[in-house]
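Asks: Chains A and B are the protein sequences, given in the same order. Be aware that the first sequence starts at 1329, since it is given in this note's numbering, and climbs by one per residue. Be aware that the second sequence starts at 3, since it is given in this note's numbering, and climbs by one per residue.
Please note that the accuracy of each hint is not assured.
Heads up, incomplete: computed chain A residues facing chain B, CB under 8 Å, no partners named [claimed, not checked]:
1. G1360
2. L1365
3. G1366
4. P1369
5. V1370
6. D1436
7. D1440
8. K1443
9. R1445
10. S1501
11. E1503
12. R1504
13. P1506
Listing some non-contacts, in silico: residues in chain A with all C-beta distances to chain B over 10 Å [unchecked claim]:
14. V1343
15. V1344
16. V1373
17. I1387
18. R1405
19. F1406
20. S1423
21. I1426
22. S1464
23. I1493
No wet-lab data here; the hints were simulated from the structure. Backbone N, C-alpha and C define an ideal beta-carbon position, used for all residues, glycine too.
The lines below spell out each chain.
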Amino acid sequence: MGVVNSILTSKWTKVVVFALCLVPLAVLVWKGFQNELGANPVEFVEHWTGDWTIRFLIITLCVTPFRKLLHVPQLIRFRRMLGLFAFFYVCLHFSTWIWLDRFFNLSDMWADMLKRRFITVGFAGFVLLIPLAITSTKGWIRRLGGKRWQLLHRAIYLSAIAGVIHYYWQVKSDERKPLQYAAVVGALLAWRLGAWLYKRRQKSATDNRTSKEPVTAETA
Amino acid sequence: MDDKPASKLTYSDITPKGAYTNRRNFLFGMLATGGAVTGWKHFSNWMSGPATGSVPVKLNNVKKGPFSTAEAITPENDVTTYNNFYEFGTGKGDPSRNAKNFRTSPWTVSVEGEVKKPRKLSMDDIMKIAPLEERIYRHRCVEAWSIVVPWIGYSFSALANLVEPTPKAKYVAFESYYDTRQMPEGPSAGIPFPYLEGLRMDEAMHPLTLLCVGMYGETLPNQDGAPVRMVIPWKYGYKSAKSLVKIRFVKNQPPTTWNTATPEWYGFYSNVNPNVNTVRWSQATEHRLGGGIFSRPIPTQIFNGYGDKVASLYSGMDLRKYY
Ligand code: HEM
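Isolated chain A (complex conformation) (with noise of 0.2 Å):
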């Protein structure tokens, strides 16, 4: 546990998690580079951010349940880095759309928000993530009070619940995947509601024992 402990708390640790979070960044642009994108490079790079975003979404997901269940209360600094990536692939995904996949057509990126579901729930995916990306800091978990800040940030399960509706109404007829990265992301949700009934039960069997458990941003 020593090693474990000090290679998770060491700042070196947060560096090289930062640098290959950037992995799948960087093989894109080496794809570019190589011509490697296929027939239609645009649709790669929109799929390939898409599956990225999903993909961040749900290792920032796993952190809390791993911490719990490995004992590894270490895993949180991580946290804020790997949803503030999420963010980013979001960020390329939706830019890939509005410039190279419509090029800044506004009216007819404003009719695909309105007609298109799978659009309009990927849109909403994105716009969740929006405060919690600008809420990240310290200061705004001071400003607005860890139990109001976890609350907000309880957000992003309604993100992974829109990006995962966002890939399945996409499909044509082959809906492994979008059922794959539900079956993920249920689980993770799954795990959360049962930890949260069973502390509930916990604390109406030794309510008198315990005074109120102190909420932290920590114990989310």
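Once you have looked at the hints, place chain B with the ligand on chain A.
Replies: Relative to the frame of chain A, chain B with the ligand by itself:
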């Protein structure tokens, strides 16, 4: 083979490129490695003969046909590596990987239904029904991308006239090959197979409608619908059924695969139309493949730009209702 006049060559006479390359590979394999394993692999490949049709071969005596566009032809590599052929997998790159060993010889197309002379046609028969023409058509996918392809074939009407449809024939139903042993990815595609498509009789008989046996000067690659497919350039690509095994002239509008699976996204007519959008796609613009990542979307034309030739087929019809 040399003493035969070129025009008498039959489909099965054409020596597949694979025969040369396999033989060369065989020698190189032996020389380079001297290894028994490599040697045996190439040897067995060579002994089992070329998988006819699995490697495109050059088509001779193809004349320039009518209706060709002067637009830049899409690089062949894009047209052979980016395919929707769900029997071989739903990823765009799946068909080019999974259709490599698809057997296209022997091949029979059954032409039947409301016709005076039903026929079971071999590929040799099909190659002889009418002179082969090269026609460079725009091809627009419902997914808002498009390509420009030099197809080879002849008007479908030539085949129809051969079997003499009766006055009862109002539609033509097309059926693609399906066999899970050759297409193990098929059951995961999420749509029912065999793949079915259909045209109204006047659409099928329109001179633009092509019975297609080749592209880019050669026979069709497997992933592009070998050995014989339809090409209907004013309709979304999925109307152009691949690897045909059955052509049936019928009285009533036949069921078609995508329309059955998701009717809100795919109509029976499926004419390219920038003014009719579905909940899935805006059809206002398209990406022309081959132009690179920064190529801008181009406006989609009604009937894919073939309106002067086909719009009259639909006069008086509400194209929003019959999309
Ligand atoms: C939380 C937010 C989002 C997530 C998690 C997400 C995720 C995804 C995923 C997983 C894919 C499919 C990738 C594949 O097929 O491999 C995708 C495709 C796509 N997304 Fe998103 N996305 C989000 C937001 C958005 C937004 C805001 C837009 C634009 C307004 C957008 C537009 C698209 C488009 C156009 C496609 C491609 C659809 C096609 O192939 O036709 N997405 N996205």
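Asks: Each hint: holds or not?
Replies: Here's how the hints hold up against the structure:
1. A distance limit of 8 Å between C-beta atoms decides the matter here; for G1360 (chain A) the minimum to chain B is near 7 Å, and the interface restraint holds.
2. The interface hint given for L1365 (chain A) is met, as the beta carbon of that residue sits about 7 Å from the closest beta carbon of chain B, less than 8 Å.
3. A cut of 8 Å between beta carbons decides the hint on G1366 (chain A): the least distance to chain B is about 6 Å, and the hint holds.
4. With 8 Å as the threshold, the beta carbon of P1369 (chain A) comes within range of chain B, its nearest partner Cβ sitting at about 4 Å, so the hint holds.
5. Because the smallest distance between the Cβ of V1370 (chain A) and any Cβ of chain B comes to about 6 Å, under 8 Å, the interface hint for this residue holds.
6. With its C-beta approaching chain B no nearer than about 6 Å, D1436 (chain A) sits inside the 8 Å limit, and its interface hint holds.
7. At a threshold of 8 Å, the smallest CB-CB gap from D1440 (chain A) to chain B is about 6 Å, leaving the interface hint in force.
8. The interface hint given for K1443 (chain A) is met, as the beta carbon of that residue sits about 6 Å from the closest beta carbon of chain B, less than 8 Å.
9. For R1445 (chain A), the interface hint holds, the least distance from its beta-carbon to any beta-carbon of chain B being 6 Å, beneath 8 Å.
10. Because the smallest distance between the Cβ of S1501 (chain A) and any Cβ of chain B comes to about 3 Å, under 8 Å, the interface hint for this residue holds.
11. With its C-beta approaching chain B no nearer than about 6 Å, E1503 (chain A) sits inside the 8 Å limit, and its interface hint holds.
12. At its closest, the beta carbon of R1504 (chain A) sits 7 Å from a beta carbon of chain B; the interface hint therefore holds under the 8 Å criterion.
13. Checking P1506 (chain A) against chain B by beta carbon gives a least distance of about 11 Å; that is not within 8 Å, so the hint is violated.
14. Even its closest Cβ contact with chain B, about 31 Å, leaves V1343 (chain A) beyond 10 Å, as expected for a residue assigned away from the interface.
15. Under the 10 Å C-beta cut-off, the non-interface status given to V1344 (chain A) relative to chain B holds; the minimum distance is some 31 Å.
16. The claim that V1373 (chain A) is not at the interface with chain B is violated, since a C-beta of that chain comes within 10 Å of its own (minimum 7 Å).
17. A cut-off of 10 Å between C-beta atoms confirms that I1387 (chain A) is not in contact with chain B; the least separation is 24 Å.
18. With a least CB separation of 37 Å from chain B, R1405 (chain A) remains clear of the 10 Å interface cut-off, as annotated.
19. Distance check for F1406 (chain A) against chain B: the nearest CB is about 32 Å away, which clears 10 Å, and the non-interface claim stands.
20. Consistency note on S1423 (chain A): stated as away from chain B, and its beta-carbon is indeed over 10 Å from all of that chain's, at 13 Å minimum.
21. The beta carbon of I1426 (chain A) sits about 12 Å from the closest Cβ of chain B, which is more than 10 Å, so the claim that it is off the interface holds.
22. Under the 10 Å C-beta cut-off, the non-interface status given to S1464 (chain A) relative to chain B holds; the minimum distance is some 31 Å.
23. For I1493 (chain A), the non-interface assignment is confirmed: its Cβ lies about 14 Å from the closest Cβ of chain B, beyond the 10 Å cut-off.
Hint compliance for this structure: hints 13 and 16 are not met, and every other hint is.
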